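When you get a sec, could you build the whole thing from the sequences and use the hints?
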Amino acid sequence: MTESSQNENIEIFTYSEVIDVKGFVGNFDVTIRKKPRYVDMGKCTGCGLCIEKCPTKVPSEWDLGLGMRKAIYKPFGQAVPNVPVIDKENCRFFTTGKCKVCQKICPAQAIDYEQKEELIKKKFGAIIVATGFTQFDPSVYGEYGGGRFKDVITALHLERMLDASGPTGGHVIRPSDQKEPKNIVFIQCVGSRDESKGYPYCSRICCMYTAKQAILLKDHFPDTQSYIFYIDIRAGGKNYEEFVKRAQREYGAIYIRGRVSKIYEKGDKLIVRGVDTLTGKQIEIEADLVVLATAIIPQPDSKELAKILNIPHDQYGFFTEAHPKLQPVESLTKGIFLTGSCQFPKDIPDSVATTGAASIRACEILSKDELVLDPKIAKIDPEICSGCLNCLEVCPFDAIERNEVNGKIIAQVIPTLCHGCGNCAATCRTKAANVEGFADDQIYAQIASIVEILQKEKLLELSE
Amino acid sequence: MSYPSNSNIHLFRNEILNLCKQDVAKCIQCGKCSAGCPISPEMDIQPNQIIRLIQLNDREGVLRSNTIWLCASCETCSVRCPEKIEIATIMDILRKLSLEANIQAGEKNIVKFDQIFLDSIKKRGRVHELGLVIRYNLTTGQPWKDVHLGPIMFMKGKFSLLGHRIKELERVKEIFRLSRRIKSQE
Amino acid sequence: MEIGYYPGCSLESSAKEFDVSIRACFTKLGVSLKEIPDWNCCGASPAHYLNEELALSLPYRNLIKAEEAKLQKILSPCPACHSHLIHVYNEVIRDPGLNQRLKNIVGKEFKKNSVSKHLLDFIKEDIGMERLKESITLPLKDLKVACYYGCLTRLPDVNIDDIENPMIMDKIIEAIGGEPIDWSYKTECCGASLSITRTEIVLRLVKPILEAAEEKGAECIVVACPLCQSNLETRQGDINKKYKTSFKIPVLYLSQLIGISQGINPAELGLNRLIINPTPLLLEKGIFEK
Ligand code: SF4
Ligand code: SF4
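So the protein lines, in turn, are chains S, A and B. Counting in the numbering used here, the final residue of the first sequence is number 464, and the numbers go up one at a time with none missing. Counting in the numbering used here, the final residue of the second sequence is number 1186, and the numbers go up one at a time with none missing. Counting in the numbering used here, the final residue of the third sequence is number 2290, and the numbers go up one at a time with none missing.
Where hints are given, some of them may not hold.
[Stated by the list, open to error] List of simulated lysine to aspartate or glutamate pairs, EDC-like, C-alpha gap at most 16 Å:
(1) B/K2242 to B/E2215
(2) A/K1145 to B/E2200
(3) B/K2241 to A/D1146
(4) S/K266 to B/E2215
(5) S/K281 to A/D1146
(6) B/K2070 to B/D2038
Derived from the structure by calculation, the hints contain no laboratory data. Keep in mind it's a predicted model, so treat the numbers as computed, not measured.
Listed below in structure tokens is the structure:
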């Protein structure tokens, strides 16, 4: 990240949102809302004194509430740019009008409570969407405690605890009493592969990170024992299967094929009742900590973003690629590309690979002066067009614009946006709109010639 | 066991589907139903295995199990199944099919109890709990079962000696006469 | 307010105290219960697989009887009875053909003017927590209560509260001054009718429920179902014998606890009918005076 922030050809807009996209491939007009961070990026040296002195502490989002952060903060250690932001909701000055400790302490006089939001308009040739995913909220699983049991955590919580620079300094503890857990139960497919919770798909990454966490746990804390309830182990990547086997053989993780039905609180333990479908027996494990592998789901505002970008999404809100096999990083809108888990759950290698592919696709556009387009797109004959503009309504790609030629209103196709779907041609009453190569006359001519051949071969007889 | 290799393999699945709109083909064999079933330790075939056997058309194996009779209809399985399969509903249908097929029930006492229960309604319009328990214990040859609870239940007025008989008993008898078991096509 | 009342067979005998306590505390609340004239048994679960039409037509007759008596709402304290009555009601609305069929069997047509409600819903929606609170004279001063729902929230067609962690009974206990405990066993299965046919299963199932209630400090268990009451209370002796335990935890009906907090005479609430006498506990807690 630091590297890209220092590349002179890359401009990074942090704490900013795309709020509008107009235009088309090679010519996107993008409006970006840059939110006020109340710190002058030009002046700030990143010394961090303000963070140290800020009196307000709130649970850290980055550490999922396992640790605290200040009201002026950097989201995480390696964040780019190395400039803090003030969280207006919690800042003492913004909520009570008194404080200004950060302003007083800042040696660079970079704190600016007056900063306003900025709207930036810029032109871009291509867009790559990489907005990522979010985690399914497991509190809808009443049978797993519904969020009431402190020692039932998600894998992301464990990940934060395993981080040496994380909130617990790399120690794994039970959130309820800070004690070290001995028996740790992992439950796979929480939310995913669960039709009743609305996410029937496989989240793809949980099998592998769970194996990794089981290995790390044993490695760092040799007297822990991991139990992993799974439905299927999906280890389809390079060396993945071997990795899972290592977790089982070298690190002693017990894999149990079956699902957990319920978690009970008993004393300071959690009783996990599941099944081992391979033995056909119910089993109960007395656990100190339960880790849920929660589903990967789209960002909550992904459907709105899809609308802004005019790209399609699936029923969950993942963005849809132009073709699952042949155009996996292209969206249906030319010049907009997809990468990472905003498209569907991806692990790191897949995300890196698709990001490379999407970048190259974007460069392809930018490196040429002219674009080669598919010839099978719509054309509207300006002579015939009555200017009713019905076609404008039905075009799913916003590829038709209203135009005025010599005082006459007509519809006109933007060739770079048109996909040749033919909706306009079907709607046009004056037959001014046609998809090139698929004009009515051409189709009739094709039928006529087929009929002629069939008749000649005596394969078809036409009655009067 | 060998799997039937022709299209008949879906017969039992389709039969269940027709009878109660529950499609066992949706089952992903996660086992959550068996994991939470309170009666699982006593069952000879686990609930998820019952579903599997239906998928594989093992009608007889399923209908002979004690599982379908021991199921307490507590619905734990149904409310937690990730595929929203109502396993408890299927168990109910299986009980019916097992009776119809005249298969020796894995738990014959349970069937007896249920029959005595219905009989009691037919005779009085309501269930007479004491009479029900006594008749059940006598029929199943265990006259002394729960007898230790008898005196205290009596003292506490929990059992009335004579059951209530409703006025329109004839109407109830008529209901019994007219109500049909819905025949399942095989 | 006058509403219909469907006690069901258990409340006529083994759960008589459920019946009398409901009548007593509803009188206190100014609700008069009118029993459905000449009601019959709802068929319980056996009818389901032995004879499906019977399983529908037995409750159907009760709905007709209620309708004829102009009882629009029927209070059905037994969860199983309620589930059957509401199931038939829903099915008849969903499928007019079924209504015709049942009409032919039962001899009269149900016009869909009577609907069953469970005790918990009735208290929450029709009486309201405020009115309930107003009727309280002897709050259950920090009496620790384990609310036990069993399969109640999972029963077909019964939509009571949250399936996995229901709170409605807990809230009622809070309203009458008690202290509901937070525990994981409130919706465990008690074994239901296996009590008679396979008693040992019920003992195995009830033991951990009692254990969990005691571990969390509950002084009594409250239920809203005759079968739960009998399995949790009557079987404690058998459990103690089999597992060498010493359970002696009172299991009361919700209506009994409400009645106590309303200052109703214990005899009118059928407290004397309970096998594990709650009076010492209530004396100790200072809810009853010596
Ligand atoms: S819980 Fe549902 S999906 Fe899972 S094994 Fe049972 S029936 Fe199949
Ligand atoms: S309904 Fe039957 S099969 Fe399902 S969990 Fe309850 S007892 Fe088991």
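We went through each hint and held it up to the structure:
Between B/K2242 and B/E2215, the direct Cα distance comes to roughly 20 Å. Violation of the 16 Å bound is thereby established for this hinted pair. For a cut-off of 16 Å, the pair hint linking A/K1145 to B/E2200 stands: about 12 Å separates their Cα positions. A threshold of 16 Å between alpha carbons decides the hint, and for B/K2241 with A/D1146 the separation of about 13 Å falls inside it, so the pair holds. With a C-alpha separation of about 8 Å, the suggested pairing of S/K266 with B/E2215 holds against the 16 Å cut-off.
For the suggested pair S/K281 and A/D1146, the alpha carbons sit about 31 Å apart, so the restraint of at most 16 Å is broken. Taking the CA atoms of B/K2070 and B/D2038, the gap is about 14 Å. The hint holds against a cut of 16 Å.
Violated hints, listed in ascending order, are 1, 5; each of the other numbered hints is respected by the structure.
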